[in-house]
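Both chains are given apart, each in its own frame, so use the hints to dock them into the complex.
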Amino acid sequence: MAERDGGDIYREFAKGLWKENPVFVQVLGMCPMLAVTNSAINAVAMAAATMFVLVGSSFLVSLLRKVIPKQVRISTYIIIIATFVTLADFTLQALSPSVHKELGAFIALIVVNCLILGRQEAFASRNGVLLSVLDALGMSFGFAIALLCLGSLREILGSGSIFGFSLCGPHFEPWVVMILPPGGFFMLGAILLFFGWWKEMKAKRRDSVTGRVA
Amino acid sequence: MKVSDPALLLRTAPFLRRNLTTPALMRDVIYALVPVIGASIWFFGVSAILVIVAATAGAMLTEWRFTPEGKGGAALADGSALLTGLLLALTLPPGIPLWMAFLGGVIGIGLGKLVWGGLGHNLFNPALVGRAFLQAAFPTVLTTWALHGGPSDFLAVRGANLAFPLLQGGVDAVTTATPLSMMKFDHNAVPAAALFLGNTAGSLGETSGVLILLSGIYLTVRRMFDWRIPAGVLLAAAIFSGILFLVAPDRYPTPLFTILSGGLLFGTVFMATDPVTSPLSPRGAWIFGAGIGFLVVLIRVFGGLPEGVMYAILLMNGATPLIERAVQPRPFGRGKHR
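In order, the protein sequences belong to chains A and B. Add 10 to the 1-based position in the first sequence for the numbering used here, that's all there is to it. Add 253 to the 1-based position in the second sequence for the numbering used here, that's all there is to it.
In isolation and in its complexed conformation, chain B is listed as follows (with noise of 0.2 Å):
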């Protein structure tokens, strides 16, 4: 249906329109990702790199082959699939073995994006899918973390890498608690400034704070995503969170805790805010972003699991369509019931 230079050129509004295309968002969200791949080297070294390329090369090579002929090329273009890798992959512990990176990375896309149709089409965010089913399959590598640390111990392979396909790693890694079981099992908070840094244990890609506060500034400045959905999981979270600190301050985290600490920041960033998945209404915007804040330390405080990151934004993206159908605004003139 493409006519190059008509005679009458007949066009339905908006007649103003960004020049804003999915590629472009893609390589924006993943300039934004460079610091906190920076970071996430710079305190794991070598794992790191290891873990982002095998995740990604799993996000792609799926895609590649499972496409519809003549869209594969295509596909890989729009950078969607890169996306996916990189961000399954800074969800991971450093230590996972490579080859559970790539399966991640294959389910993400197999389960979590192409069975839905492909991009555009999927129900839940493809990287979390990726990264629920490591954890539904694979809970205790998920929860092990190796210990971070600088430019020094670069060259470090850290705990089980290199595992060969299928099997365990041999090797006994040095591991260490994260900010957030120590909270929940100890209950000893990590001084806050650690986690505004990064210098703590944790997923590859969640653990400095300001630099993930940083690309979220420069995306809401981009105006690439929505900024209510980070604002109110931002707010629901500090909320909710500040009440039950207020209740019993000896036994509930801070909730400048609670927003520094684990994958709540990088989910809040650039998880939640996943086009596809997240409502388009301002609206459903708000109420998609403080369900997933609450639901959040919902989790935290009063679930098995030290984080609920990952299971609170899949929750909310399920709860999508209906938030979407209940804000939607009614047609002027219209009755009551659509």
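In isolation and in its complexed conformation, chain A is listed as follows (with noise of 0.2 Å):
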């Protein structure tokens, strides 16, 4: 990691807001994306620890990547993930207890988001603690994105208000499936479909543009 420039800093954290987004594109830590998003608040909850616990560990195992025998290193990992993850349910609890309660063993079960013990042994254990940390904060960032989208959408729908404040009236009709674990299916399906959609469109676009047939 002698030779970086500005652009490359910039790239490694802009990739999982988007190019690499840990939801829409690598379709990464499903559980407490379809679980906890049936609303706005504990979506924002969700990718707050989320985001803590990314960073913190992949800063820690990338400080010490020198020394983690490569054996063991999962098992170094996950103990690393559950450390801050504790730290992370115990201060979620000091600072709103009813966010804590309503996120429930989600909270605790971060250490086993696919998306978080990935960073670390596909960038974090290979990469200096600037990069690491960039890398980790561009995909938290992205995946609080997904989490957003998905429990304002499903709280519209579902209970006709957005982070508790009603939209639509008092005679709003509530899609009840919307707030049960099915409606989290349809939505996530329903958001894969636009964006699929919408790059299909832009890379005709893309084609017509350069006179390439598609």
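Note that these hints are calculated values from the structure, not bench results. The C-beta atom is built at its ideal place from N, Cα and C for all residues, glycine as well. Be a bit skeptical, because a hint or two may be false.
To be verified - Sample of chain A residues with no beta-carbon within 10 Å of chain B, all distances over it, derived:
#1 D18
#2 M40
#3 V54
#4 A58
#5 F62
#6 R75
#7 S85
#8 V109
#9 A213
Unchecked claim - Which chain B residues face chain A? A few, computed with CB under 8 Å, are given here:
#10 A389
#11 A390
#12 F391
#13 P392
#14 T396
#15 L415
#16 L419
In structure tokens:
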């Protein structure tokens, strides 16, 4: 990591936001994605906790990457991740008991979020501290964008409100299914469908501009 | 690969074909629906027309918009989207807000058919997928039954038909209970004659048993579906509910009530027999039909809901590939394992 310029650093951060978005592109971390996104506030809490854990463990793993023996690296990562999860768990409990109760076991389950272990194995264990933290930040922001997207859409349709503020007045007809587990699958499927369609449109337009036959 | 007027025509068996195309099949089923639609308009007046138009518009617009380019017009021409919209509308309660009926059509075609790859590729009956989504999203609206009537109150708009999109209907409508919910919650059986003629509350198209039976006979005579499926459904439902009735006549409905009430006849004739989502082999058709009949009675009697036809058909739709695999005839000369 001797030579690197600003563009490199920016790229490692920005790739998680869009091009390699953990949810929309890599389809990782589906368990919290589907389980806790029935309201926007839950999505934000989950995104913040995940971000704390991911950035913290990426930092520590890349710092210790030279001293962790290859044979036991996965278990070491898990211990590091679990430490941060415990911290996040207690912090959230102290800050907002109601949200903590709402999220329940899913805070503890951040340990097994494949997004986090995946970043340690794929990135933090092979790169310097600065790049690893940037990568973790980008990925967590990408994850947060996706969680917030899903959480807000489900809350708007399922209870007619966003962050608890009513949007449509008392006569809104709630789509009960949207705050239930199937609604998570419906909404995620719809969003993935939309992004697939959008990418296709963009590719088509690029092809027609450059004159290639699709 | 189409060669017109080749010198030598080579074909594989079968050589005797029926001149039956998908549009012709869809057309015939739509013809068979005409009396049922007529009955729904007779009993529920202008509301029936509104709901049917809304659901059909949702289904056809979705089909037209999202079928791959170059096939959009052709996809509508085969009439399958129209049929899905009509079937969906006829399973909805008459007082449903029109935007929900429209949404049901969109979901039915989009989630029930197009994401699978279009006509012929779907695992579940599209109209029922639309209805199942509506039932899951708006459980109270889908179980609120507006009062049935005759031609005298033709122009009365039932329930919340005209509610704004995403909002509830503001009006307190006159509602009533269906024969099935009366049976389930009050143990009060509606006489079979009323069920037969259709002068009861219920979904738009399910109330008149006699017209649905006539449509079913028409389709059977025209050989538009496998008669084994409806026969299997009715037999299994009659036998299972008959056993229950004999065990405790004061708690369980008679087999005749079971068959004539709710959506059993409608679902049997128009939905279970969907050629895409039901088994092709004769033995498979028997198993499929019997499974539906059994599940309907099971859900109605032991489940929490008064009606179970929709879920019974959807469940057996899901089991169709398994049934096909289990009863697939083995080629002569092969061993036990494929």
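Going down the list of hints, with the structure as the test:
1. The claim that D18 of chain A is not at the interface with chain B holds, since no C-beta of that chain comes within 10 Å of its own (minimum 40 Å).
2. For M40 of chain A, the condition that its CB be more than 10 Å from all CB atoms of chain B holds, with the nearest at approximately 18 Å.
3. For V54 of chain A, the non-interface assignment is confirmed: its Cβ lies about 24 Å from the closest Cβ of chain B, beyond the 10 Å cut-off.
4. With a minimum CB-CB distance of about 30 Å to chain B, A58 of chain A clears the 10 Å threshold, and the non-interface call stands.
5. Even its closest Cβ contact with chain B, about 35 Å, leaves F62 of chain A beyond 10 Å, as expected for a residue assigned away from the interface.
6. Against chain B, the non-interface label of R75 of chain A holds: every CB pair exceeds 10 Å, the least being about 43 Å.
7. Non-interface status of S85 of chain A relative to chain B is upheld: no Cβ of that chain comes within 10 Å, the nearest being about 41 Å off.
8. Remark: the non-interface label on V109 of chain A is consistent with the geometry, its nearest Cβ contact in chain B lying 26 Å away (cut-off 10 Å).
9. For A213 of chain A, the condition that its CB be more than 10 Å from all CB atoms of chain B holds, with the nearest at approximately 15 Å.
10. Annotation: A389 of chain B was flagged as interfacial toward chain A, and the flag holds, the nearest CB pair being 4 Å apart, inside 8 Å.
11. Taking 8 Å as the C-beta contact cut-off toward chain A, the hint placing A390 of chain B at the interface holds, the least distance being around 4 Å.
12. For F391 of chain B, the shortest C-beta to C-beta distance to chain A is roughly 6 Å, which falls under 8 Å, so the interface hint holds.
13. Because the smallest distance between the Cβ of P392 of chain B and any Cβ of chain A comes to about 6 Å, under 8 Å, the interface hint for this residue holds.
14. With a least beta-carbon distance of about 12 Å to chain A, the hint placing T396 of chain B at the interface is violated under the 8 Å criterion.
15. Among the interface hints, the one on L415 of chain B is violated; its C-beta lies about 13 Å from the nearest C-beta in chain A, farther than the 8 Å criterion.
16. Using the Cβ-Cβ criterion of 8 Å, the hint placing L419 of chain B at the interface with chain A is satisfied: the shortest such distance is roughly 6 Å.
When the structure is compared with the earlier hints, violations turn up for hints 14, 15 and for no others.
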